[in-house]
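Protein chains in written order, with full-length UniProt numbering: chain P, 1 to 103; chain R, 1 to 103; chain H, 1 to 103; chain F, 1 to 103.
Careful, some of the hints might be misleading.
[What the hints assert, rightly or not] In silico BS3-like pairs for lysine-lysine, Cα to Cα no more than 27 Å straight-line:
1) 16(H) to 102(R)
2) 16(H) to 16(F)
3) 102(P) to 102(R)
4) 102(P) to 16(P)
5) 16(H) to 16(P)
[Said to hold, decoys possible] Reference excerpt, derived from the structure (chain H facing chain R, CB under 7 Å, subset only):
6) 15
7) 24
8) 36
9) 39
10) 43
11) 47
12) 68
13) 72
14) 75
15) 81
16) 83
17) 86
18) 87
19) 88
20) 90
[To be verified] So, partial list: chain P residues that the calculated Cβ filter (under 10 Å) puts toward chain R:
21) 7
22) 8
23) 25
24) 36
25) 38
26) 45
27) 48
28) 50
29) 55
30) 76
31) 85
32) 89
33) 92
34) 99
Think of the hints as simulated: they come from the structure by calculation, not from any bench.
We put the beta carbon where it would ideally sit given N, CA and C, even for glycine.
There are 4 protein chains.
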Amino acid sequence: MSEHPGYHDHRDDYLKRLRRIEGQVRGLQRMVTDDVYCIDILTQVSAVKSALQSVSVGLVQDHLGHCVQDAVTGAAEGDEAGRARAEAKVAEASAAITRLLKS
Amino acid sequence: MSEHPGYHDHRDDYLKRLRRIEGQVRGLQRMVTDDVYCIDILTQVSAVKSALQSVSVGLVQDHLGHCVQDAVTGAAEGDEAGRARAEAKVAEASAAITRLLKS
Amino acid sequence: MSEHPGYHDHRDDYLKRLRRIEGQVRGLQRMVTDDVYCIDILTQVSAVKSALQSVSVGLVQDHLGHCVQDAVTGAAEGDEAGRARAEAKVAEASAAITRLLKS
Amino acid sequence: MSEHPGYHDHRDDYLKRLRRIEGQVRGLQRMVTDDVYCIDILTQVSAVKSALQSVSVGLVQDHLGHCVQDAVTGAAEGDEAGRARAEAKVAEASAAITRLLKS
Numbered sequence: 001m002s003e004h005p006g007y008h009d010h011r012d013d014y015l016k017r018l019r020r021i022e023g024q025v026r027g028l029q030r031m032v033t034d035d036v037y038c039i040d041i042l043t044q045v046s047a048v049k050s051a052l053q054s055v056s057v058g059l060v061q062d063h064l065g066h067c068v069q070d071a072v073t074g075a076a077e078g079d080e081a082g083r084a085r086a087e088a089k090v091a092e093a094s095a096a097i098t099r100l101l102k103s
Numbered sequence: 001m002s003e004h005p006g007y008h009d010h011r012d013d014y015l016k017r018l019r020r021i022e023g024q025v026r027g028l029q030r031m032v033t034d035d036v037y038c039i040d041i042l043t044q045v046s047a048v049k050s051a052l053q054s055v056s057v058g059l060v061q062d063h064l065g066h067c068v069q070d071a072v073t074g075a076a077e078g079d080e081a082g083r084a085r086a087e088a089k090v091a092e093a094s095a096a097i098t099r100l101l102k103s
Numbered sequence: 001m002s003e004h005p006g007y008h009d010h011r012d013d014y015l016k017r018l019r020r021i022e023g024q025v026r027g028l029q030r031m032v033t034d035d036v037y038c039i040d041i042l043t044q045v046s047a048v049k050s051a052l053q054s055v056s057v058g059l060v061q062d063h064l065g066h067c068v069q070d071a072v073t074g075a076a077e078g079d080e081a082g083r084a085r086a087e088a089k090v091a092e093a094s095a096a097i098t099r100l101l102k103s
Numbered sequence: 001m002s003e004h005p006g007y008h009d010h011r012d013d014y015l016k017r018l019r020r021i022e023g024q025v026r027g028l029q030r031m032v033t034d035d036v037y038c039i040d041i042l043t044q045v046s047a048v049k050s051a052l053q054s055v056s057v058g059l060v061q062d063h064l065g066h067c068v069q070d071a072v073t074g075a076a077e078g079d080e081a082g083r084a085r086a087e088a089k090v091a092e093a094s095a096a097i098t099r100l101l102k103s
């Protein structure tokens, strides 16, 4: 198992997206302070949720790709435990997807 | 129609919640910088989405309550146009709910 | 308070949409029986969820419109309790929207 | 690549769940026919959506497990193309998850 998480290679991209989301949340605070019309705030909340969603799908994809790579590398080296580990990780990722769908 | 948006009376509460969400998003950035395990980040993303969701449902409720109040006040004063305006606002809120469900 | 639910006037439309959704769910059963490719089934599940979502948003809109009408009619007749009843119904609808967002 | 889809071993379980969902959708039709209260219908719609959600997460998990297995088997047999194929499948599954999150 490699030492870095699956998203490591895209870390700067994730940080950039999370900083933009932080800016959007501060924008929401300004809208509330300025008594902006409710529906316009809701539209902006939907935009922030979509941006977070997109970050989370990217993390899931990176994580799963990483699991597959580990499993394949393990198999090529005759590491029988690798398959079980990869399956456990897929189950764990599925549980995280369920939490995302419910949040 | 009153001059303030429906959430006006709970403005401080919304600002407090949005500042907490901003802090959670900064926490996500730290997690990415620190190479925290993917699944733990996803769990935290789900928490932020739930917090945003809860803000948006509060805004919808305040907005609808406000619409009903306006319609009732208008009706009591014999303002016939008030009913049409309230219906238009309910349609507008339903469209915002649809966007939330898809985001 | 009128005796019919808010969706009463669109009842045939809702029944038609729910029958179509029933057909889509039977289609999913056929896909599973025929060993259709996973991702194609998931795409079809997303379509059924969207169709259900659209039914639920329609019901919310009809229900809220009905609440506003009741409140307005009550107010025009000097029914002071009507406003409290309308507010209770808006709170109840917001709780239903929260359940939809989490499902 | 094996000939059966990833969910093949759980086919009967999925069929049973989809038949139950079909029954729930017919129940919704009866509720509408009987003029049942809006909010109670919405609660039932949320239940059907959750049931569908749970089917889809199961399918995603079976599919990903299958992909990992194929990749591992391929790697053990020195099939270099297997890794690229597994990665393509993970990307495809991530796209399906995105559609689920938006539906």
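Verification of the hints:
For a cut-off of 27 Å, the pair hint linking residue 16(H) to residue 102(R) stands: about 23 Å separates their Cα positions. Between residue 16(H) and residue 16(F), the direct Cα distance comes to roughly 25 Å. Compliance with the 27 Å bound is thereby established for this hinted pair. At most 27 Å may separate the alpha-carbon atoms for a hinted pair to count; residue 102(P) and residue 102(R) meet this at roughly 13 Å. Using a Cα cut-off of 27 Å, the hinted pair residue 102(P) and residue 16(P) holds, with the two alpha carbons roughly 26 Å apart.
A threshold of 27 Å between alpha carbons decides the hint, and for residue 16(H) with residue 16(P) the separation of about 47 Å lies outside it, so the pair is violated. With 7 Å as the threshold, the beta carbon of residue 15(H) stays out of range of chain R, its nearest partner Cβ sitting at about 20 Å, so the hint is violated. Interface restraint check for residue 24(H): the shortest CB-CB distance to chain R comes to about 18 Å, outside 7 Å, so the restraint is violated. About 26 Å separates the beta-carbon of residue 36(H) from the nearest beta-carbon of chain R, more than 7 Å, and the hint is not met.
Violation of the interface hint for residue 39(H) is found here, the shortest Cβ-Cβ separation to chain R being roughly 21 Å, above the 7 Å cut-off. Because the closest C-beta pair between residue 43(H) and chain R is about 16 Å apart, greater than 7 Å, the hint is violated. Below 7 Å, beta-carbon pairs count as interface contacts, and residue 47(H) has none with chain R, the closest being about 13 Å; its hint is therefore violated. Proximity of residue 68(H) to chain R holds as hinted, the smallest CB-CB distance being about 5 Å (cut-off 7 Å).
Annotation: residue 72(H) was flagged as interfacial toward chain R, and the flag holds, the nearest CB pair being 4 Å apart, inside 7 Å. Hint on residue 75(H) holds. Least Cβ distance to chain R is approximately 4 Å, under the 7 Å limit. With a cut of 7 Å, the hint placing residue 81(H) at the interface with chain R is violated, because the nearest CB-to-CB distance is about 11 Å. The interface hint given for residue 83(H) is met, as the beta carbon of that residue sits about 5 Å from the closest beta carbon of chain R, less than 7 Å.
At a threshold of 7 Å, the smallest CB-CB gap from residue 86(H) to chain R is about 5 Å, leaving the interface hint in force. A hinted interface residue such as residue 87(H) counts as satisfied when its beta carbon comes closer than 7 Å to some beta carbon of chain R; here the least separation is about 6 Å, so the hint holds. Violation of the interface hint for residue 88(H) is found here, the shortest Cβ-Cβ separation to chain R being roughly 10 Å, above the 7 Å cut-off. For the restraint placing residue 90(H) at the interface with chain R, the shortest Cβ-Cβ distance is roughly 5 Å, inside the 7 Å limit, so the hint holds.
With its C-beta approaching chain R no nearer than about 6 Å, residue 7(P) sits inside the 10 Å limit, and its interface hint holds. Hint on residue 8(P) holds. Least Cβ distance to chain R is approximately 6 Å, under the 10 Å limit. Against a cut-off of 10 Å between C-beta atoms, the interface hint on residue 25(P) holds, since the closest Cβ of chain R lies about 5 Å away. Interface restraint check: residue 36(P) against chain R, minimum CB-CB distance 7 Å, threshold 10 Å, status holds.
Residue-level restraint check for residue 38(P) holds (minimum Cβ-Cβ distance to chain R is 4 Å; threshold 10 Å). The interface hint given for residue 45(P) is met, as the beta carbon of that residue sits about 5 Å from the closest beta carbon of chain R, less than 10 Å. Satisfaction of the interface hint for residue 48(P) is found here, the shortest Cβ-Cβ separation to chain R being roughly 6 Å, below the 10 Å cut-off. Evaluation of the residue 50(P) hint against chain R yields a held restraint, the C-beta minimum of about 5 Å falling below 10 Å.
With 10 Å as the threshold, the beta carbon of residue 55(P) comes within range of chain R, its nearest partner Cβ sitting at about 6 Å, so the hint holds. A cut of 10 Å between beta carbons decides the hint on residue 76(P): the least distance to chain R is about 23 Å, and the hint is violated. The interface hint given for residue 85(P) is violated, since its Cβ lies 14 Å from the closest Cβ of chain R, which is over the 10 Å cut-off. Here the hint on residue 89(P) is kept, as its CB sits about 9 Å from the closest CB of chain R, short of 10 Å.
A distance limit of 10 Å between C-beta atoms decides the matter here; for residue 92(P) the minimum to chain R is near 6 Å, and the interface restraint holds. For residue 99(P), the shortest C-beta to C-beta distance to chain R is roughly 4 Å, which falls under 10 Å, so the interface hint holds.
Comparing the model with each earlier hint shows violations of hints 5, 6, 7, 8, 9, 10, 11, 15, 19, 30, 31; every other hint is respected.
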